[in-house]
Amino acid sequence: MPVASRGNGRLPPPEMDIATFLIQCLNALQYGLLLFLVASGLTLIFGIMGVINLAHGSFYMIGAYMAFALAPIVDATFGGGFFSTLLIGMVLAVLLGYVLEWAFFSFLYEREHLQQVLMTYGLILVFEEARSLLVGDDVHGVNPPPLLAGTLPLGEMMTYPVYRLFVSGVCLAVALGMYFVFTRTRLGMMIRAGSANREMVQSLGIDIKFLYRVVFAAGVALAVLAGMVAAPVSSVYPGMGNSVLILSFVVVVIGGIGSIRGALLAALLIGVVDTFGKVLLPQAAGVLVYVLMALILLWKPDGLFKAG
Amino acid sequence: QAAPKLKVGLMLPATGTFAALGTAIENGFRLYVAEQGGKLGGREVEFVKVDDESDPAKATDNVNKLIKRDNVDVLVGTVHSGVAMAMAKVAKETGTLLIVPNAGAGAVTGPMCAPNIFRSSFSNWQTGYATGEAVAKRGHKKVATITWKYAAGDEMVAGFKEAFEKAGGSVVKELNLPFPNVEFQALLTDLAATKPDATFAFFAGGGAVKFVKDYAGAGLKKSIPLYGTGFLTDGTLEAQGDAAEGIFTALHYADSLGTPRDNAFRLAYAKAYKLQPDVYAVQGYDAGQMLGVGLAAVKGDASKKGEFAAALEKAKIDSPRGTFTLSKAHNPVQDFYLRQVVGKENKSTGLASKALADPARGCKM
Amino acid sequence: MSTPEVLLRGTGLTRRWGGLVAVDQVSLALERGSVHAVIGTNGAGKSTLINMLSGEIPPSSGSVELLGQDVTAWTQPRRARAGLGRSYQRNTIYPSFTVFENCRLAAQARTQKPWAWWHSAQACEASTSTARDVASRAGLDDMLDRASGLLSHGQKRQLEIAMCLATGPEVLLLDEPLAGMGAEETDRMLALLEALRPGHAILLVEHDMDAVFRIADRITVMVNGAVIASDTPDAVRASPEVQAAYLGDH
Amino acid sequence: MNRRSSPLFVALVFAALALFPLVAGNYGIDFVTKVMIYAVLALSLELLVGSTGLVCFGQAAFFGIGAYATVLLSPQSGAPSLLWLLPACMLAAGAYALFVGALSLRTKGVYFIMVTLAFAQMAYYVVHDTPLGGGTDGIYLYSKPAIGAWLDLDKPLTLYAFTLACLLAVFGFLALLLRSRFGRALAGIRVNEQRMRATGFSTYPYKLAAFVISGALAGLAGFLFAVKDGYVNPEMMSWHLSGAVLIMIILGGLGHLRGALIGAFAFALLQEFFKSEAIFGGFAKHWHLGLGLTIIASVALLPRGLVGVPGQVRERLVGKGMSSRRADASEVRNEHA
Amino acid sequence: MQLSSPSVQDRAPTPPQGRPLIVDARAVHAWYGSSHVLHGIDLQIARGETVGLLGRNGMGKSTLIRTLLGHVTQRDGQITLFGQDASRARPHEVARLGVAYVPEGRGVFPNLSVRENLVMAARRGRDGRQDWSFERVLETFPRLRERLTNLGSQLSGGEQQMLSIGRALMTHPELIVLDEATEGLAPLIVAEIWRVIGDIRGSGIATLIVDRDYRKVLARSDRALVLQKGQAVLAGPSAEVAADPTLPSYLGV
Ligand SMILES: Nc1ncnc2c1ncn2[C@@H]1O[C@H](COP(=O)(O)OP(=O)(O)OP(=O)(O)O)[C@@H](O)[C@H]1O
Ligand SMILES: Nc1ncnc2c1ncn2[C@@H]1O[C@H](COP(=O)(O)OP(=O)(O)OP(=O)(O)O)[C@@H](O)[C@H]1O
Ligand SMILES: [Mg+2]
Ligand SMILES: [Mg+2]
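Protein chains in written order, with the working numbering: chain S, 1 to 308; chain D, 1 to 365; chain X, 1 to 250; chain L, 1 to 337; chain H, 1 to 253.
By construction, these hints were calculated from the structure, which means they are not laboratory data. For each residue, glycine too, the CB sits at the ideal point set by N, CA and C. Treat the hints with care, as some may be off.
[As the list claims (entries may be wrong)] Interface residues of chain X toward chain H, partial, derived using beta-carbon atoms under 8 Å:
#1 Thr-41
#2 Gly-180
#3 Glu-185
#4 Met-209
Only chain S is shown next, with the shape it has when bound in the complex:
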């Protein structure tokens, strides 16, 4: 009997050549960037606006299902395929976010923060069920646009889907855009100020209600964008929102609430830990992210980058 199989889980320790190592680094990077994209909407609504948004996963799911359900309709009416679907999806998301903020959140800011937990929990249930009623409970795949459907050779036997590069690109663009808006523009300053003292912001002539409605809408749009962009990679299935929710919070919190740089770094760190953890420490792969979070927060109780 070959030596290699000596009972369950007792296989020779994994070893890695340079090429494999480099590919794994690429995987880690790419996964980290995807994570950031998924968490970006939360960074905005939770990290910067300060609304504890459990429904983030639902917005993400809505995005993914839009990519699936909207694409044929958009393609038939407007043409342009994937990219026009993205555009139209974002427009719808902004509308959705705007209306949601108006109907469900505008009166919550002055209340105890935990009320938001309850509200967004209710929203999760509603969205998940609405999804079930509208599109059913089946698993669906979404194809990347033909333009990005190719693969690139990687190592001896592997290839790398071009679409994943595109996802990483979108993520970097989102990260840069958010960073710029929040740290360099007055809009960003107003938003951050609003999370600290709404009354004073109003006293400076800023319509905080409108401002926050817009920001919330933008947060929803980002989550939906993430869902739509990730759909071809992750496929579309019931409960998909749930599975990204906690991880998104982990990203935002490890990075330091309110810090976009921090969130990006945290996402990349998780990417590395998860990727190499699965290969090098498969027994503990499930907890590694949480161990990472616990260690970082015990070391730096305010996350990697304190907001500011």
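Given chain S, put chains D, X, L and H with the ligands in place with the hints provided.
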């Protein structure tokens, strides 16, 4: 005079990841009952449903609801193994008839086996074992396995390994990832570095879709053939698209088996639900058949468990998948097909394993 | 008179915030029976000094001695229990509690008995009577049952002082107690300090120069973290340096 | 704001619970037993969240540890004695709480929430991924604990009575605790920890003590749950349960012990209501929708949770609007801004 | 001119003839929940005028201000700002009319740097004025220049006060409302603030000021209003108010 209605408790997932499976099983079951004119064993059937949410922490309560509140005569359920384990425990304690239409946990017809507990689907071990035989037969020597780290995955891999090593092959790498993580890239890279002859995979639902797509996307499909238990490509082909084309899997059912029995079933199902049936629908349907057979033997008196079990143990169930019998531990002894994805179908290419019985390790009955 | 007893002594206290030296080698001694005022430009480091003395933040270097013991390594609560009380420049109250409960909870710090979980806190005579007493001394008799978050700004300032007194400290570090108080309350507060003076050592940080010169026994002047003068009120008032840096034409 | 629970209401609730078995069937007893267990769990969390201001998102871990300890410590044959098994389970949960609390109390706010989640997830993966507790399929309890012959928790009615006694004991204990000096100190920590420290309270030991008590009480709930079901599964430690308990106490109304009680019952009853086929027929499978909409409506209409309903009704009757509350809240918040 | 509460009919605040009123509030009432805090107060401010608001702690000064600015929503009475009805206006609308607010307790944004606190507020005045540039604010408060990158929460109390005033100036208001603006400031800076108030008065900006130093307020303002338990008990030109024999009793001195 009319006998009192027979209460059938359906404990299936109506929400969550497995909702679609729950629906298919229920449809199959109801189809059979409808075919019998709404009666089994001479008694009109009444359904009571509970959404088990695939949450084992709520499972005991949900079963109790059916047994204590609704006083059902028979329990049918469920998809999730952990939930099924809780059901089996209650069924065993209360003596209520239980037919498991999907969950493949070995224990249900192993250590937990009981005269009143039956399964119309498969055991995890069975599916893995059948695949192992098939992969060995196709001439592969070194295989890597990959699955989620949870009971079903472990059991399937164990079954696969048992058959594959028996046939002289060797498992060179066992890859796991935490359930329900779907980020496969790292493990695929690892797989490529290992260079096995073939890969054996078990995933289901969204995870299966993503895995198959990622496998193809990473270019491994061409160099390292992918095998799996049937769940890898069942109910997911539409979503997997081209990435699944050509993949071999083993399961106790296949699309367009072409037998008259299957054709009739598929036609009836499609007519009733405007949907194509899948393996889950078949399992639900057969749960109905098994109940019908048992109840016929006891003339609708569900309390005569001994006779009910005896009848089923002798019975040949005329399933759309092909006839099967029940083992001593009440698990189907059935044929497994080696299927290949062609177009949007899992086409049978022949038998992977004939009349395969679960060893029912740990069952004392 | 015997030699005055030093209750609190800071020696060589320094605090850096990044590159900024907020407090630079400051030493001072608070004696029983005297009011020691610390004045200085905005951002001179007065509050930071109080924070270091009370243990709220650790000094970058230097040491603190309380009632003859080196307490540099002690936590803030421990110093507080040993007899060090402070007030904050920014209101630091329990806004959702009543005024009475604010004071009572502060008084409870002296008899904590956390293990006595079957005793009602309200039944503790010592803390309730102290609470009433300090509230009345701070001029809050009429407000005992008001939620303290709903008080006017000046009333909150009064409460801030009441809570500091409730712990019965021997050493009081008061960070701008008069800020936000009207003329009447200012007078009341100065009378209160006057009454506390015997038996206590009081550090008073204030920008109200009339008040400072009325009550202080000794004045330390800080500019940019460093002490530029520490002397009797008259000497400080006369110092041209202090006038240029802080007092102006006062 | 003084938080006096209304003793009459609570007395009525407990009286109703005591009399309930007289009118209920088997299932009713089972169901209420379950809800009472959740109420114990909710109370344990209320001590942290509502009273101390520590939002713990890992309560399921202590619950699960209590439950797993029950099963793992029970001998294979013969009923274990309640007398040592129950304390042992609470001790096990309390010990983990001590460990988790000692570390996680270094952080604050949302960071604290996430660290407690992290530690709960670690416990979850230990039972999920290792054979220790039967892995993902869970393990069974073979014989239920008892004290001699007169208290056998295998009998549903006995279990009901025992659970009710536990609930009453926990409620009473917490009510006393919260009005004691210890409880007031916790309240002070919730509102303004900085001031607490400045007046001489070492807040860390206080918080840690609250955390351990809470963990042990959650362990008690876990024990009862394991005994009731005779089956434990890793999902008992998942964050979904931690979240659900949090939802219960928010729904009931934070800052009131009876809020936890009301919340646990309301949450369970709402689920049952919307799941009921008798009322909703085929639509019952979409029960999430009804539950979700109800929760949303309750947030919108009941700013103080369910416990605030009587007060709101009174205000309505007297004709006093809600704007006063809003002014108050914003004022109080700005204090910390 | 309108009269305020009956007891002071003879000393109604009459703004200088010919200058347009920018604030004209009549019979203003305000409530916090069920407690009635303001009982019908009249207040007029003309362009470029400095008006002082006096009274002991808790008499309703801040409440009057917050009512005018739209922060207190339970209110009654007629409020006209810059000729427009603002009885129900929301705070940001009031601010955009050209009213800047330096609240008691400062209201500095703790999570923004000093620079950001200032920059975010910048806005042109009603007539397009932009004389209060970032630079000019820093010249007025040099201490802030050294602290530009610090967060609001890292400032000393006085620095926060300077920042709050500087921020108000960056909005180029027509009326600046200072609620205890000199609290916690060193005497030199206080003198500087009073000088700035004089400056802006010179440039035609009106000021409504609350300050504990009532002598300074009366000396530097055109008119003054004294509140007692939510009612105006004295009102008129500052010199007259200062000379009123009842004044000390209202201020508790
Ligand atoms: N947490 C901090 N981080 C960085 N700098 C700080 C921090 N806290 C205070 N400072 C700086 O330290 C210096 C001293 O501040 P401190 O509050 O002690 O001044 P102060 O003398 O009390 O002034 P004021 O009279 O204005 O209250 C200030 O320049 C302030 O900006
Ligand atoms: N949010 C609130 N809710 C209820 N009552 C309040 C609220 N804010 C203030 N009050 C009360 O209204 C009265 C007037 O308060 P206001 O703040 O206007 O006083 P003030 O004259 O500004 O006093 P100070 O000089 O102390 O700032 C006070 O008695 C105060 O207790
Ligand atoms: Mg200071
Ligand atoms: Mg005021």
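Status of each hint after checking the structure:
no.: 1; hint: Thr-41; result: holds, 5 Å
no.: 2; hint: Gly-180; result: holds, 5 Å
no.: 3; hint: Glu-185; result: holds, 6 Å
no.: 4; hint: Met-209; result: holds, 6 Å
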